[in-house]
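Here's the letter readout for the chains.
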Amino acid sequence: MTPESVVSIAGVSKVFGKGGVVALQGIDLSVERGDFISLIGPSGCGKSTLLRVVGDITEPTSGEVVVNGKRARQAREDRDYGIVFQAPVLFDWRTVAKNIALPLEMQRWDRARRQERVAEMLELVELTGFEKLYPWQLSGGMQQRVSIARALAFSPPLLLMDEPFGALDEMTRERLNLELLRIWSETGSTVIFVTHSISEAVFLSTRVAVMSPRPGRISAVVEVDLPQPRTAETREHPRFFELVTRVREALHATGADEVEEHLAAEGPE
Amino acid sequence: MSVTTFGESKPSLGRRFLSWLREWLPALVVIAIGLVVWQWVLPDVVGVQRFLLPRFSAVAQTFWDEREALWSAGWFTFKEALGGWAIGSSLAFVSALALARWRPLGRALMPYAIAANAIPIIAFAPITNAWFGTFSPRSKMAIAAVLCFFPVLVNSLRGLTSVRPESIELMRSYAASEASTFRRVRIPNSLPFVFSGLKVASVLAMIGAIVGDYFGGSIEALGIQIRSSVGLSQFEYAWAAILVASILGLVFYGAISLVEHFALRWHPSSRRVE
Chain A
1 MTPESVVSIA GVSKVFGKGG VVALQGIDLS VERGDFISLI GPSGCGKSTL LRVVGDITEP
61 TSGEVVVNGK RARQAREDRD YGIVFQAPVL FDWRTVAKNI ALPLEMQRWD RARRQERVAE
121 MLELVELTGF EKLYPWQLSG GMQQRVSIAR ALAFSPPLLL MDEPFGALDE MTRERLNLEL
181 LRIWSETGST VIFVTHSISE AVFLSTRVAV MSPRPGRISA VVEVDLPQPR TAETREHPRF
241 FELVTRVREA LHATGADEVE EHLAAEGPE
Chain B
1 MSVTTFGESK PSLGRRFLSW LREWLPALVV IAIGLVVWQW VLPDVVGVQR FLLPRFSAVA
61 QTFWDEREAL WSAGWFTFKE ALGGWAIGSS LAFVSALALA RWRPLGRALM PYAIAANAIP
121 IIAFAPITNA WFGTFSPRSK MAIAAVLCFF PVLVNSLRGL TSVRPESIEL MRSYAASEAS
181 TFRRVRIPNS LPFVFSGLKV ASVLAMIGAI VGDYFGGSIE ALGIQIRSSV GLSQFEYAWA
241 AILVASILGL VFYGAISLVE HFALRWHPSS RRVE
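First to last, the sequence lines map onto chains A and B. Using this note's numbering, you'd call the opening residue of the first sequence number 1 and step up by one each time. Using this note's numbering, you'd call the opening residue of the second sequence number 1 and step up by one each time.
None of these hints come from the bench; they were simulated from the model. On a predicted model such as this, the values are computed, not experimentally measured, just so you know. Beta carbons are placed, not taken as given, at the ideal position from N, Cα and C, and that holds for glycine. Certain hints may be false.
[Said to hold, decoys possible] Some, not all, of what chain B presents toward chain A, calculated at C-beta under 7 Å:
| id | residue |
| --- | --- |
| 1 | 170 |
| 2 | 172 |
| 3 | 188 |
| 4 | 220 |
Excised from the complex, chain B in its bound form (with noise of 0.2 Å):
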């Protein structure tokens, strides 16, 4: 069978960068308003004043300027937000093991694990303070691991139990042991959804810090400067400080895609349409 084929050498470096931008030129044109009207329209046609929202420039002066302590913050709380969603999300996927061994047991916990889903368990951050230490990193991370647990815990033991009748069987009849299973049926088929539940928990883990820091925490933490510069009328570096939570939100997911796109290279979703 002949087949000929077009454009199979490299396009030009132009070329390239042509159709890059023309995938990308609606987002780039939408982040253009959107700054144009954070930076003139909000201030001088609206008459939105300062302490309610900064001009743009400013901000990103601020967010230059301070550069070292604003980062140094963010380093703190996320290894708090870290520290947190390892604790929690590795807790919770020995749980679901546990819970997807012995069914009885599961299906006893499992109404609360899901009800607990449902708590705000941000509301708890006071109290963790009281536990480990308003200005110790670990009360932090007990807010961030508890915030992380159920998540990672619902969708891991779904992932682990929702496995084909068949698949079962065939590892029945090859006399397979019940860790053999989990090794090689139930703990694979469970990643796509483990990983699921791992980027949920990732931004649960930031938001668990930061507002952990909120109700009191050490002078280095970026929830406690967030909160002390608005006291003082810093307006300024406040939002510098959010703009820092929020990029270290975006690596913290983004890194856990990336994981999960090379872990899961086998999954049907890897295929790409072209």
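Next comes chain A alone, as it looks inside the complex (with noise of 0.2 Å):
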């Protein structure tokens, strides 16, 4: 483990249940800091396990995770990580204001405090003048957004993030991928980005990491060198379909098409 990495993964599984589905197999994986590194990979891979385990959500079943120098439980109780997840898991009975406040509320901070904080998330997020409303008053991309700024709010080191965008149509997904490249840049905080969506991952990303299936297993790490900062225009980039092309290629190479078919021969899980 170099000093500069922030999480450092070493020889993980995780086997779930005393069937012993085997969700991960030998995970090897560092994070720089100010690393944007994305776990791709098919359905059931598991990517999302794997971030859960960075996490301390789940105990992985042998290896280490080290957070921040710190083993992944202390970090967790240190509060060294913030986590958006697919839904945006919002509180119905807090307002937008309350929702971005809550991490801070447990971590006591004093209410002027508060409030300064979260005008300056809501300024972030570009979502000044929603602090009073409600979540179900806003948009799901707007939800999202609020749920990044809760993540963010107290300035963790690191920001893990479980397919944050998978459930929003193709054009806000794009408009809140160059959002939340916006916001890497200015908190210069670490993200773990989840997703299955190859041209978000070489888009956001300063590494993809493409995962196998069954039993889950990193089988190609790419390095992608698109130049910083990213703009639309990154995305019509040469280099941009190359990147696109060699993840592809990976994941194929996992024998990911034939598990797809598989599933899809099974029906849904």
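Take each chain as given, in its own frame, and dock them per the hints.
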């Protein structure tokens, strides 16, 4: 582990239940400070499980996870990361401002500091003026921006994102991709981002870890050397297409297609 | 963006009365027909006897003449219902908290709670009279409390446990304690369920108090007055007392709905369709 690495995963395996469904096997991955790393793979490859292991929401069966130089559990107790799920997971009974302030309340920030930070976060996700609304009064994209603001409110050094834009339409998704990159460059945080969209992974990341299913393994890591900052034009860059092809081929090499066909034949999980 | 707005200024009083009338007219017509049938059609055309159903005008006359006795009896019984409702519902919510906190306990006890919900608890009314004294309001509160307990317990527990897993994962990511997760997630999440339990319980509490009275109780109680006036062939008084019980039941239910409306301002169901 280099001194600059924020997350270091060594030999992590995860077996679910007594039946022994192997979700993850022999995962090694190091995430450097300021990295934006995507985990990509077909459904059932364990990418969300890996994210939850890093966040100490699920415990690995074996192996070690070090976050910010500490064991994962210690890092969670020190609130070293913010997390964003596929669903916004906002609390219906709290206004936008109070949802963003939730982690600050838990860390006993005083009211004045809380209000100040909430105002900053609303500005960051461009929702100033919406603080008094309740979640159901917002669109899906706006709700997800609130949940990103909540995850970043206490400036955690690490941001874990589990398919945060998976449920949004393509246009909202591309806009939020750009917004996320702006936030990432402004806050200088480190991001682990789970997705099953190849173009999203290439567009956002500094590195893409390709995972193969059953058992879940990291089969390739693709360095994304597209210039920063990325803009809407990045998607038209010839290098962008090359990298998308590279990731797609790496996914094909894992036999993901066969698994998808197999799953389709089996019906929904 | 320019939007032309029509009728933004408040409509005139007459206008508002007309629109109110249009909305409520069908309901008013129904009640008018009902009263006509009660007053004239049933006694004069169908030939329904006074002991089966007295004329509406006679019931209304008694309702007015005996208003003091009726409302004081109503208030006496309402206090029994309210006391039982408050005791039963709070015990149920506290039990639900315990069962939600220690899930194995919940899994062990819930089948019995659901089964108990199907028992005709009102059958125990003579027994609670024996336990707490026939003439004491406490025996009626006891039966009302037991009646309220199960619906509030089952609803509260459902509300406390039907939290999406990500909400709990989020709280875990904040290293939140169990108490904090209850306070910030489970309890607020349970409130819509708790209120529907409380509303069902309010109806049951009124039933419990009145039926409890039927098995004996203070002469000041509404249930006793209904029973004895039927015994004395004072059917108008019995019907007027039933009317008092109905009004109190509706007010009780309405008051809880009103509190719910203000407490659950955040709930998507409070969205007004206009």
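Hints versus structure:
no., hint, in the structure
1, 170, "6 Å, holds"
2, 172, "6 Å, holds"
3, 188, "4 Å, holds"
4, 220, "43 Å, violated"
Violated hint for the displayed structure: number 4, the only one.
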